[in-house]
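From first to last, the protein sequence lines are chains G and Z. Note that our numbering has the first sequence beginning at 10, numbered continuously upward. Note that our numbering has the second sequence beginning at 2, numbered continuously upward.
Incorrect hints may appear among the rest.
Covered, in the sense of this in silico footprint (three residues per stretch, anywhere, with C-beta under 8 Å from a C-beta of chain Z), are these stretches of chain G [claimed, not checked]:
1. 128 to 140
2. 211 to 221
3. 255 to 265
The set of hints was computed from the structure by calculation and includes no laboratory data. Even glycine gets a Cβ: it sits at the ideal position worked out from N, Cα and C.
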Amino acid sequence: MMRIPLSALIGLTVTAFFFALAVFAPLVAPYGIGEIVGDVWEPMSAQHWLGTDNIGRDLLTRMIYGARTTIFIASAATLLSFTLGTSLALAAVVLGGWVDMALSRFVDLIMTIPTLIFALVVLSVMPASILILIVLMGLLDTTRVYRLARAVAVDINVMDYVEAARLRGEGTRWIVLREILPNALSPLVAELGLRFIFMVLFVSTLSFLGLGITPPETDWGAIVKENKEGLVYGIPAALAPAVAIATLAISVNLVADWVLNRTASLKGGRNA
Amino acid sequence: MPTHLILLVIQRFALGVLLLLASSVLIFAGTQILPGDVAQAVLGQAATPEAIANLREEMGLNEPAVSRYLSWLLGALQGDFGTALTNGADIGSAIAKRLSNTLFLAFWAALVSVPLAILLGLIAVRFRNRWPDRLISAVSLATISVPEFVIGYLFMFFVAVKLRWVPSVSMLNDSMSLGQKLQSIALPVIVLTFVVLAHMMRMTRATILNVMEAPYIETAELKGLSRFAVISRHALPNAVAPIVNVVMLNLAYLVVGVVVVEVIFVYPGMGQYLVDHVAKRDIPVVQAAGLIFASVYILLNMTADIIGIVANPRLRHPK
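Put together the whole structure using the sequences plus the hints.
Listed below in C-alpha cells is the structure:
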C-alpha cells in the first residue's frame, strides 16, 4: 500500500469537508439563506460564528449556501469540459486528417481571446443563469482540456501496444476505450483538480464582478461583492469567502500535486 | 538578418493579423449571432414589440450579419466604434482616455514585476532545492491558487484601511502630478505584481533550469570556462528567447488581470468600463472593449513569438 503524504492528507480532508458542507448545506446551516437575523455587520459571536452580513443575515449560513453554489457550478463545468475535451481530443487523434486539423485550429482560435474577456462578451447578451454559466465556463475550458488530452493521446497512439491492437484487427471503439483512454487517464485526472480550481476562481470572479450568480442565489464571489463596502470601515466580512476560496484552492492543489507525483512515479518519471 | 529569418518573421506577422481578424469575427458573432435577440437583451423581458422593432432598426439589426460585421470592422479600424446605447456618448473618445489609464497602470506593474520575477527566478535556480527556492515556490503556489480579488482586498484591508498608508480607492485625474498619480496607483500596482509574479517567476525558473541542464553547458564547464563565461556566452543567449517569451505572455496575462483589479480599486480604466457595460448590456461598448483587449493580447503573443524567432541562435545558421 502507498502511504499518503501529510500534505495530501490535509488537502483531502479539507476538500472533503467543503464538499460535505456543499451537499448537506440545508442541514448544517444554522439559519435560512435569506433570513435576516440581526443588525448589519455584527461582529463574531456565539449566535453568529462569523458575524452578520451587509443586511443582517448570518454570514456562516450565507457561506455554507455559497459553498453549495460555487462547488456545484465548478464541478458541473469541470465535468462538462472534461467529457467534451477528452472525447474531442480522442476523436481528433484516432480519426486524424482534417478532423484533427479543423478541431485543433478552432481551439487555437478560441484561445487567442482571453477567457475572461470572452465570457464577458457572451454574458453581455445572455442572461447569467446557473445553466448558462456552467455551459459557458465548461465550453471555454474545453479548449484547455482538449489541448492536454490531445498531447497525451498523440503520444499513446504511437505506442507499440496500440499498434499491436491495430494489427490484430481491433476496431476503433476498442482502440479508444481499451487502449488509449485507460493510459491517458492518470495525467488527465491530475489535471482535473487544477481545472476544478480554475472553475472555482472563474465563477467567483464573475460573481464578484456582478455578472455571475445573482440574488436570491449566492456564491462566494457574490458574498465578497455584497460585503466589500464594509472593508473600508474595517469590517472584515468580505474576507471570509476570500479565505474560503483560497483554502479550497490550496487543498485541491495539494491533492492534485500528490496525484501528479504518483502518476509520474508510476510511469518511472523523474518526480518520484 | 538572413532572408529566411525575415521570412519567418513575416509569416508570424501574417498569422497575427489573421488571428486578429478571426478574433474580431468571434467577438462580433458572440454578441450578434448567439441565440437570444440583442434588442430584447438590451430592453429586457418587459419591452413592447414596437420598442424592440425600433431598437432593431436603430442598431441596424435588420441588415444581414455579414454587412453589419464589415461596417463595424471598417469603423473600428478607423477608431470609430459608434455610440454607446446607454448614454449616446462616442465610444472611441471614451476608450482613448480609459485605455491610456489602463496602460499607465499596466506599465508600472510591468516595470516592477518583470525585473523582480527574473531576479527571484535566478535566486530560485541558484539555491535550487534549498530553503530560498522552497520558500519562493511555496509562496508562488499560494498566490496562484487565490483569485485576484482576494489578493486585492487583503491588501486593501490591511495596507489601506488598517495601516492607512495609501488610499483604498485609486482616483486619477489630469490635474495630478506624476508623484500623486503614482501614490494613487500604488496598491493596484502591488496587487497586479503579485498576480503575475508567481507565473512569471515559475516560468523563468523552469526556463533557466532547462538551459542549465543542457549538454552544451556541461561541455563548456568541462572545458574549463569560468562560471561567468559559461553563463554569458552559453546559457544567456539560449535563455533570452524563452525568458522574453515568458515576459510577453505574462504581460498578456496582466492585461486580463487588470480587469478585476480595476474593479476592486474603482480605477477609471478599460476593465472597469467593460464590466460596467456588460452589466448594462451595452453591446457596442462591449464589442469595442472586447476587441481592444483581444488585440492587445494577440499583439503581445505575436511580439513574444517574433522576438523568440529573432533571438534564437539556432535559427541564425540554416542547415
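Right, here's what the structure says about each hint:
1. 128 to 140: Since 8 is at least three, the answer is holds.
2. 211 to 221: Coverage by chain Z holds for the stretch 211 to 221 of chain G (6 residues, Cβ < 8 Å).
3. 255 to 265: holds (count 4)
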